[in-house]
Structure formats: C-alpha cells, structure tokens
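*Asks:* What follows is the residue order along each chain.
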Amino acid sequence: QQPVQSPQAVILREGEDAVINCSSSKALYSVHWYRQKHGEAPVFLMILLKGGEQKGHDKISASFNEKKQQSSLYLTASQLSYSGTYFCGTEGKNYGQNFVFGPGTRLSVLP
Amino acid sequence: DSGVTQTPKHLITATGQRVTLRCSPRSGDLSVYWYQQSLDQGLQFLIQYYNGEERAKGNILERFSAQQFPDLHSELNLSSLELGDSALYFCASSREGDHYEQYFGPGTRLTVT
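Heads up: the protein sequence lines correspond to chains A and B, in order. Counting the first sequence from 1 gives a position; my numbering is that position plus 1. Counting the second sequence from 1 gives a position; my numbering is that position plus 2.
Dumping the calculated EDC-like pairs for lysine to aspartate or glutamate here, alpha-carbon to alpha-carbon at most 16 Å:
(1) Lys38/A / Asp3/B
(2) Lys51/A / Glu103/B
(3) Lys11/B / Glu41/A
For the record, the hints were derived by calculation from the structure and aren't laboratory data. No experiment lies behind these values; they were computed from the predicted model shown.
Make a model of the complete structure from these sequences and hints.
*Replies:* Structure, rendered in structure tokens:
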C-alpha cells in the first residue's frame, strides 16, 4: 500500500521552513526520503530505521515515529536548491514486502 | 553521477513491439530495482532482484519481465507495447537487499508511437 504524503505541494520563499509528512497504514521497518529535480533521477536524502529516530544533515532532517507509522521531513531555512519533488519510500516489516514510494510533494522555493 | 548506468537513454518504438532496457548497478551493489514514472507521476515500483534472484514484485504487467544476470546487471523486457507504456524507466541499485539507500540511474525514456 502506497504511503500518503502531505501536503501535495508547497511554495516557500528562500529562508522559510517546511515540513513534509508521510504516513502508512502498515507497520514499517524503515522510511526513506528522496528528492527529484525536474528531468533528473531521484537522489537519496536519508533513511530512518525502526526504533523511532531522527536524522539530519545540513538543514534537512527527518523523524520516524514507528508506533504511528509516520515520518516527517523538515527543511529549515530553505534554499533555492531545495526545489523539487520529495518522495518518501516505505519498507514493510515483513520479509519480501515491496518498497513503495509515496505520490510525492512538490516543493518550490522562490527568491 | 550515482554510478548506476542505464542504456539506452531514449527509445522510440511502435505499438506491439518489444524492447529491452539495460541497467548496470554500482560496483558492489547486489540489489537492483526497476521503477516506472509516467509524465509528472510518482515512481511505480515494478520489481526487485537481489543477487540474481527475484526479491519482490510490484505493479509489473504480465507483458513485462526482468532478470538479473551473474555479473549483476539487469534487463527489463517490455513486450506488446502500448501507448500507455510510454514513460521514464528508472533502475536503482543498493548494497544489500533491504534497508539500504537506493542509487538511481539516469533513466531510459521510452516513447511508444
């Protein structure tokens, strides 16, 4: 089952913050976050494993609440280069469960 | 450059035809994933291979098939092509079967006319 992402799209000014949410109806082992710029391949941002953790590098961080089967991606002091579509990908707890991407959140950062 | 290569970059073919897309994973990666992305759509998981064996299957049509060879490169075969098969096909590789980040190739853009 495909995870749900919200919002579908967001427009920011440079320097503003954004939060993108990802939720699943099934128990999860991990959540991945990827960013895809128009016309390019998706690029890995980070992976969060079960146990409820938070990760980050530079001004992008994420959290994973295993009990709620939810993850959030936090973009702080956004830069123009943050523009793109953000996909969360979820991995189920059972062996052989498909890795499934969410529908994506389109982020536009304006000067 | 992710280290994943895909050939060809572009492919234009007619309905009813058959094509083969090729993917070479990063050095040392054992797992290969195939995804389909239609215009401005999300990434639809098709199939995953791990060290030559099929690991997981997604929304892959019966007209499509894939395999991973002993040298770990993978091929996706699309047959009896329809207009709706026009899309960007991505291959991704990861170090192990699960729980590891995926590195995406540049994609093959397939146009069916």
